[in-house]
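> Spelled out from the first residue to the last, the chains are:
Number of protein chains: 2
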Amino acid sequence: MTNIAVVGATGAVGQTTLKILEERKFPVARLRAFASARSAGKTVTFAGEQIRVEPLGPGVFEGTDVAFFSAGSAQAREYAPQAVKAGAVVVDKSSAFRMDPDVPLVVPEINAHALRDHRGIVSCPNCTTIVTVMPLKPLHDAGRLRRVVATSFQAVSGAGVDGIEELRRQTLAWARGEALVPEKFPHQIAFNVIPHIDQFAEDGYTGEEKKLVNEVRKILELPDLAISPTTVRVPVFTAHSVAVNAETERKIAREQARDIFAAFPGLRVWDAPGEARYPTPVMVEGQDDCFVGRVREDPSRANALNFWVVGDQLRKGAALNGIQVAELLIR
Amino acid sequence: MTNIAVVGATGAVGQTTLKILEERKFPVARLRAFASARSAGKTVTFAGEQIRVEPLGPGVFEGTDVAFFSAGSAQAREYAPQAVKAGAVVVDKSSAFRMDPDVPLVVPEINAHALRDHRGIVSCPNCTTIVTVMPLKPLHDAGRLRRVVATSFQAVSGAGVDGIEELRRQTLAWARGEALVPEKFPHQIAFNVIPHIDQFAEDGYTGEEKKLVNEVRKILELPDLAISPTTVRVPVFTAHSVAVNAETERKIAREQARDIFAAFPGLRVWDAPGEARYPTPVMVEGQDDCFVGRVREDPSRANALNFWVVGDQLRKGAALNGIQVAELLIR
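Respectively, the protein sequence lines represent chains A and B. For the first sequence, counting from 1, position 198 maps to 197 in numbering that gives the first Met the number 0; every step adds exactly one. For the second sequence, counting from 1, position 281 maps to 280 in numbering that gives the first Met the number 0; every step adds exactly one.
One or more of the hints may lead you astray.
Just so you know, same-sequence chains aren't split out, so a pair can sit in one copy or run between any two.
Said to hold, decoys possible - Taking lysine to any residue pairs in the SDA-like style, the calculated list, with each CA pair at most 25 angstroms apart, reads:
#, residue 1, residue 2
1, K84, E22
2, K24, K250
3, K209, Q255
4, K183, A271
5, K250, A172
6, K18, K209
7, K250, A301
8, K183, R257
9, K18, S35
10, K250, D223
11, K183, Q81
12, K250, P80
13, K84, R168
14, K18, E61
15, K41, E177
16, K24, E296
17, K41, A262
18, K209, R276
19, K250, P298
20, K209, R168
Calculated directly from the structure, the hints in this document are not laboratory data.
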């Protein structure tokens, strides 16, 4: 049995972490919930019990075995080392340690072996990275990836509870005939799409796009993999979709690609175009697996495929991946 | 002065055609409005006047100089030849004649010269084709296109009045806590994205995706251009966005690409990432030009660029393009 801390327990990922710990019957001895001072004192529900949310502070991690961090990067940088010092293993969802060469960046189905080398912190990739890399891994194993062009359709839950609330609030304002005011996102998100997630760098790419490139390379251990990213926010609540064009060294035929995807743990294939069967975010919300559809050979280049992959941003894209990591750690 | 017929006058494109004819002071002598039997008897407004919508039938095009068709392909196939026989030039928005080698497929800024050879029918491209091909043309002229990967984010207006109504109806149902029932689209469109527009072919591509490939090739007169398409419906009302990855034979630097786009008629550049300035569909709705932003050199391949282009589906994507064609024809 394990003593657990959930840091960022009132956030969208924290809430989902509590839910999935319960669903998967994670062997919890004691669970403590932490959040920023602003949220401390609220309660969260775990396994039918109300748990009071505590503020972070010195010594709070004493006795903790596993700490799930789904707070911001600044909080992770401050408190994760304290948790490690107190003897806990930190499973961090923020971007703080992802590219640290001493920290493994893990998607359990893909690179569980990287956990061996952890020094107290294990990082989980960005949600869009996870959804994109899940089908890339079996494709690489079968045909060796040469280049990837990825275009994302990202749900507002990726921006947390505030993102979800903004889409809800703007949509209700529209229904009442009122003005739609942006607060969280840089522009109106209801009935709009915004090709801008995270900060812009000098070369015009966003932080989100750079994360996708760097994290996929680290997870697949392909430091030079050619990846061309475009990440876009869409007015969807909780699942991310990615349109992927992937070129491999060896040709992978359409039917073979479907078989390869279907055989990979955590990946399912919904691809019966004649029956209008392919994944959409609404269908995938609440599912643990990532779903691939619209598998097509690319007529514009030999050895390339187009496909469409959808994953629940809060589950496989965040909370579930962290819990899968913890399950391996406590084994 | 010109005698005009608008066929499909009660549809989304027909309505926009009437509005733009008025805005641009098109030299209309007489305007007649046609629609299916179901809509005949309704009225439409043109230049402050109520015009009764007439049903199509034998002889209706006598005396017509220019007939704008924004009806379905079946109606276009039946009635466009009758209009031509009656002496009219038909500007058709449907897919009926687009790939007919005897029919020019025209985006005036790109291939007005093709109008010279018309035999009574001029075809307008699919809305997504127009928005995508507008920036591709100047890029090709500057660097010769080698390959294009295009991923679209298409508004519901592309499915006509029924598409607009479905997004509205589902969103209002959501606001009332009611079930969201799909009728027009194959799945729920509110708070969802659907990678399926038009029918599926054997190879897994949709009709919309094949149109994009075939029409871009015809307009640019590059019958072998390598194009890899993914077309997706998003819960946006009226403007289409496309994420484009374009590889050229000669390298085009980022700043040069912006200049090339900005210099092309009908294209504008909104690309100041530091100020969160890039086009989104809500900003572009109601605009005649197409807008390019997020211009980036592609780190994954030499001589490739990523960019984002947005155009009003009902205007440049449909009605405006047709009227621009007619303006050239009557000149």
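> Between K183 and R257, at a C-alpha cutoff of 25 angstroms, which is it: within one copy, between copies, both, or neither?
Intra 38 angstroms, inter 29 angstroms, cutoff 25 angstroms: neither.
> With identical chains treated as interchangeable, where does the CA-CA distance between K250 and A301 reach 25 angstroms or less: within a copy, between copies, both, or neither?
both (7 angstroms within a copy, 23 angstroms between copies)
> Reference check for the pair K250 and P80, CA-CA at most 25 angstroms: within, between, both, or neither?
neither (46 angstroms within a copy, 47 angstroms between copies)
> Regarding K209 and R168, is the shortest C-alpha distance of 25 angstroms or less found within a copy, between copies, in both, or in neither?
neither (30 angstroms within a copy, 38 angstroms between copies)
> 25 angstroms Cα cut-off: does K183 pair with A271 within a copy, between copies, both or neither?
Answer is between: at 20 angstroms across copies they meet the 25 angstroms cutoff, but 38 angstroms inside does not.
> For K24 vs K250, is the C-alpha pair at or below 25 angstroms within one copy, between two copies, both, or neither?
For K24 and K250, the Cα distance exceeds 25 angstroms both inside one copy (42 angstroms) and across copies (56 angstroms).
> Between the shortest in-copy and the shortest cross-copy C-alpha distance, which are at most 25 angstroms for K41 and A262: within, between, both, or neither?
This pair counts as neither: shortest intra-copy Cα distance 43 angstroms, inter-copy 57 angstroms.
> 25 angstroms Cα cut-off: does K250 pair with A172 within a copy, between copies, both or neither?
neither (50 angstroms within a copy, 47 angstroms between copies)
> When no copy is named, should K183 and Q81 be tagged within, between, both, or neither for a Cα gap of at most 25 angstroms?
Neither: 31 angstroms inside a copy, 55 angstroms across copies.
> Is it within, between, both, or neither for K41 and E177, if the alpha carbons may be no more than 25 angstroms apart?
neither (32 angstroms within a copy, 31 angstroms between copies)
> One pair to classify: K84 and R168, alpha carbons no more than 25 angstroms apart. Within, between, both, or neither?
Neither: 42 angstroms inside a copy, 55 angstroms across copies.
> Checking K18 and S35: alpha-carbon separation at most 25 angstroms within a copy, between copies, both or neither?
Classified as within; 20 angstroms inside a copy, 54 angstroms across copies.
Hint violations for this structure: numbers 1, 2, 5, 6, 8, 11, 12, 13, 15, 16, 17, 20, all remaining hints satisfied.
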